[in-house]
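Visitor: Read off the chains here:
There are 2 protein chains.
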Amino acid sequence: MKSTYFTPGPAELFPTFAQHLQTAMDEQLGSISHRSQRFRDIYAHTDEQLRELLNIPKTHAIFFTGSASEIWERLLLNCVEHESFHTVNGSFSRKFYDYANALHKFAHILEKPFGQGFDAAEIEVPEYAELVCLTHNETSSGVQMRPSEMHKLKRKYPQKLFCVDMVSSAPYPDLDYSLIDSAFFSVQKAFGMPAGMGVWIANEKCLAKAERLQKYESLTIGAHNTLPMLWKNYQTFETPATPNVLFIYVLGKIAEDFNKIGIATIRKQTEEKAKTIYKFLEKSDRFEPFVSAERYRSRTVIVANTKKPAGELIAATKQAGMVVGSGYGKLKDSQIRIANFPATSAEQVDALLRELSR
Amino acid sequence: MKSTYFTPGPAELFPTFAQHLQTAMDEQLGSISHRSQRFRDIYAHTDEQLRELLNIPKTHAIFFTGSASEIWERLLLNCVEHESFHTVNGSFSRKFYDYANALHKFAHILEKPFGQGFDAAEIEVPEYAELVCLTHNETSSGVQMRPSEMHKLKRKYPQKLFCVDMVSSAPYPDLDYSLIDSAFFSVQKAFGMPAGMGVWIANEKCLAKAERLQKYESLTIGAHNTLPMLWKNYQTFETPATPNVLFIYVLGKIAEDFNKIGIATIRKQTEEKAKTIYKFLEKSDRFEPFVSAERYRSRTVIVANTKKPAGELIAATKQAGMVVGSGYGKLKDSQIRIANFPATSAEQVDALLRELSR
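Protein chains in written order, with numbering that gives the first Met the number 0: chain Y, 0 to 357; chain E, 0 to 357.
Since the hints were derived computationally from the structure, they do not count as laboratory data. Watch out, some of these pointers could steer you wrong.
Selected chain E positions facing chain Y (Cβ under 10 angstroms, derived; list incomplete) [unchecked claim]:
1) Gly8
2) Ala23
3) Arg34
4) Gly195
5) Pro242
Some chain Y residues judged to face chain E by a derived CB distance under 7 angstroms, without partners named [to be verified]:
6) Glu11
7) Gly29
8) Glu72
9) His103
10) Ala222
11) Ala240
12) Thr241
13) Val244
14) Gln347
15) Val348
Note that beta-carbon positions come from the ideal geometry of N, C-alpha and C, so glycine has one too.
Sequences and hints are given; from them, build the entire structure.
Guide: Written as C-alpha cells, this is what we have:
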C-alpha cells in the first residue's frame, strides 16, 4: 500500500507525475540531445507554462540548476560585489546568509527567533547592500512573509536588487515581477516532483550586474551556470551544460496541469486547506500552531507543537499510511511539519486530521 | 517504434533503467526524506556498488552533484589556490581550462589539435601547478588518454593532485586510485541514465587541500557543495542539499547490474565493439576514423570523417531507427560520432554498421 506524504519536501508527487514520466520514457526523452530542436521545444514549453502560471514578464528569464541551494550561490556570486542583506528567521534563510559569508561577501543580517516573521515597516536595509535576500516561506519554522510586504519594501529601496526564496511555496506566492528581480524554487516541494532540480527566475538587471562584475579582476562570478552564460544559452532555449531534460519536460507538463486548474483556484485551495489545518490545531488539545501570529503563518508548510513526543505521533500516523514531517533540527521531538501542497487534496487533509485526532 | 541511440550522451538508456525507475516509483522514492535511514541506505548501496565496479579504495569518497560541469568548478575552487594545469585537445578539456580562467586561477595549458592525444613522456607539468587536469576521453574529438600514461605522469609528479575527467568513458578506464586523487563522470553517458547528475570521486588529500584553502581570507572555495561540507555529510551517507534521490538509487542499481556482468566483461565487450567499429570505418570507402593513431582512439566515443554530408547520413540512419551523434561544433557537417556504451549490444552495433554501409 502506498502512503500519502505530507512531508515538506521531498513530498507527495503530483497525481499526474507518473503519467508524464511514462510519456517521457515512451518518447525516449532520456536519450535525446540537449542541442536538438526537440529539447528546445521542451524548454520553450516549460518556460511558457511557468510564465503563465507565475505571471512572469519578458524582462525575466527562467533557468534550471541542480538545486535551489545552488541558486543561493549563483545569485550571490553574480549579483553581489561587496554586500548582501538577509532577513533570517529559520534554518534555510540562515543557510542563504551562511553562503554569503562563505563567498566572502559582507553579509548584513536582520534576525528574528524561529517562528517569528517580518514586515516591511520594521526592515531597514543597510545603505550599501546590493542584494536584498528575502524568504517567502521558511521551511524550517513554517513562517511566511507576505508578498505585499516584499513589494512595499522594494518600493522603499527601488535601486537595490531583490530576490525571493520561494523554495517551499511556489506557485503560491503572487509575486509582482516588476518589483522582484529574482526568485527561485525547487521542484520537490509544491510542484510535486522528485528532488534534483532548481528553477531560477532572474531579470535583466541581475544580468547587467553580473556582466559588470564579470569584468572585475578582483572577484569572480564563478565558472559554472553563471548568469551571462545561462542567459546566452537561454536565447535559443538551451543550457550551458547538459541539463535534466526529463525533469524539465515533466515540470512543464505539471505547470500546464496547474494552469488548467488555474492559479487562482490553486491558491484558493491552498488557503482553504491551510485554514482547515490551523483550525484543527487551534481546537486540538494535542497540538497548537507553532507560529502564533496569523499573518506570518505559512500556507504551505504548517508547523505544530505537539504535546506527545512527535516521534510517536509520526510513527502512528505512518501506520495509517500517512507521512508527516518531523520538526526541524532540535525541534524534532516537539514539533511536526505538515506540507500543504497541491498534490494533497482537501479529502486527504481531512483524513490526516482525523488520524491525528485519534 | 523506439530508436536505438548511439549518441555520445544523452545516450541510449541501459536496458534495466526503466525497470529500476519503476521500482523507485513503486517504493515512492521520489517522496522519501533525504534525512531518512531509507535514503542513507540508498546512498550506501550506490557507494558500495560504485566502489566495487571502479575499484575505489577507502581513501576516496563519492559525491553527487547536478552535473559533471559543476564538478570542474568544485575541483578548481577546492583544490587550487593559485595554479592548475590542463591538457587540452578538444572542446570539453578546453571548457575545464576555461572554468579555471573564469575562477581567476592561473591556468597552464598544454594544447594539441583536435584529434590528437597525449602521452606522459611529452608532458611537462609546470613547477607551481597544484592540480593536474587530465581528460580520459575527450567527447568532442573521440580521443582517449591511456590510464597507464596518467599513472606514469603521476609517478613523475607525486606531490601534485591529479584529477581525471572520465565523463564519457566511466566505467571503462581502469584507474589506479592510489595514484589518481579525483575523478568524475556524469550518468547520461556510459551508465545509460537520463542527464541530471554528476558523480565526483575525491580523496583525503583533496579534502585536506580544501580545508587548508578554506581558512584563507584571500580566496573562497565556494559555498555550495564544498568538499568539506560534502565530506562531512558523507560520513552518515547524507548530502548538504536535497539530492536527486531517484537518480542516486537507479545509479546504484545499474552499477549493481554492471557488477553482475563483471567489469572485466564490460571492458572486454567495449573493446570488442570498438574494434568492430574501427575496422568497419577503416575498410569503408564512405568513412574513415578521425583519430589516426590507434593508441589515442577512444573506445567509447568513436568519431568518423564522412565523405557524404554528415547530416544526410544521420537523417538516413534515423529513418532506420538508429540515432548517431553529429560531429562537434564546426565538424557537424563532416563527422559523425558513435557512442559505444554498455547499453548498446554487439548485435545493435552490427545492425548500425550494416545500415551505415547501405
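Visitor: For each hint, tell me whether it holds in the structure or not.
Guide: Here is what the structure says about each hint:
Interface restraint check: Gly8/E against chain Y, minimum CB-CB distance 7 angstroms, threshold 10 angstroms, status holds. Hint status for Ala23/E: holds, given a least beta-carbon distance of 8 angstroms to chain Y, under 10 angstroms. For the restraint placing Arg34/E at the interface with chain Y, the shortest Cβ-Cβ distance is roughly 9 angstroms, inside the 10 angstroms limit, so the hint holds. Annotation: interface hint on Gly195/E holds; nearest CB of chain Y at approximately 3 angstroms, less than 10 angstroms.
With 10 angstroms as the threshold, the beta carbon of Pro242/E comes within range of chain Y, its nearest partner Cβ sitting at about 6 angstroms, so the hint holds. The closest approach between the C-beta of Glu11/Y and any C-beta of chain E is roughly 6 angstroms, which is under the 7 angstroms cut-off, so the hint is satisfied. Of the supplied interface hints, the one on Gly29/Y holds, with its beta-carbon coming within about 3 angstroms of a beta-carbon of chain E, less than 7 angstroms. Below 7 angstroms, beta-carbon pairs count as interface contacts, and Glu72/Y has one with chain E at about 4 angstroms; its hint therefore holds.
Against a cut-off of 7 angstroms between C-beta atoms, the interface hint on His103/Y holds, since the closest Cβ of chain E lies about 5 angstroms away. A distance limit of 7 angstroms between C-beta atoms decides the matter here; for Ala222/Y the minimum to chain E is near 4 angstroms, and the interface restraint holds. Checking Ala240/Y against chain E by beta carbon gives a least distance of about 4 angstroms; that is within 7 angstroms, so the hint holds. Taking 7 angstroms as the C-beta contact cut-off toward chain E, the hint placing Thr241/Y at the interface holds, the least distance being around 4 angstroms.
At a threshold of 7 angstroms, the smallest CB-CB gap from Val244/Y to chain E is about 6 angstroms, leaving the interface hint in force. Interface hint status for Gln347/Y: violated, as the beta-carbon distance to the closest one in chain E is roughly 13 angstroms, over 7 angstroms. Taking 7 angstroms as the C-beta cut-off, the interface hint given for Val348/Y is violated, the closest approach to chain E being about 16 angstroms.
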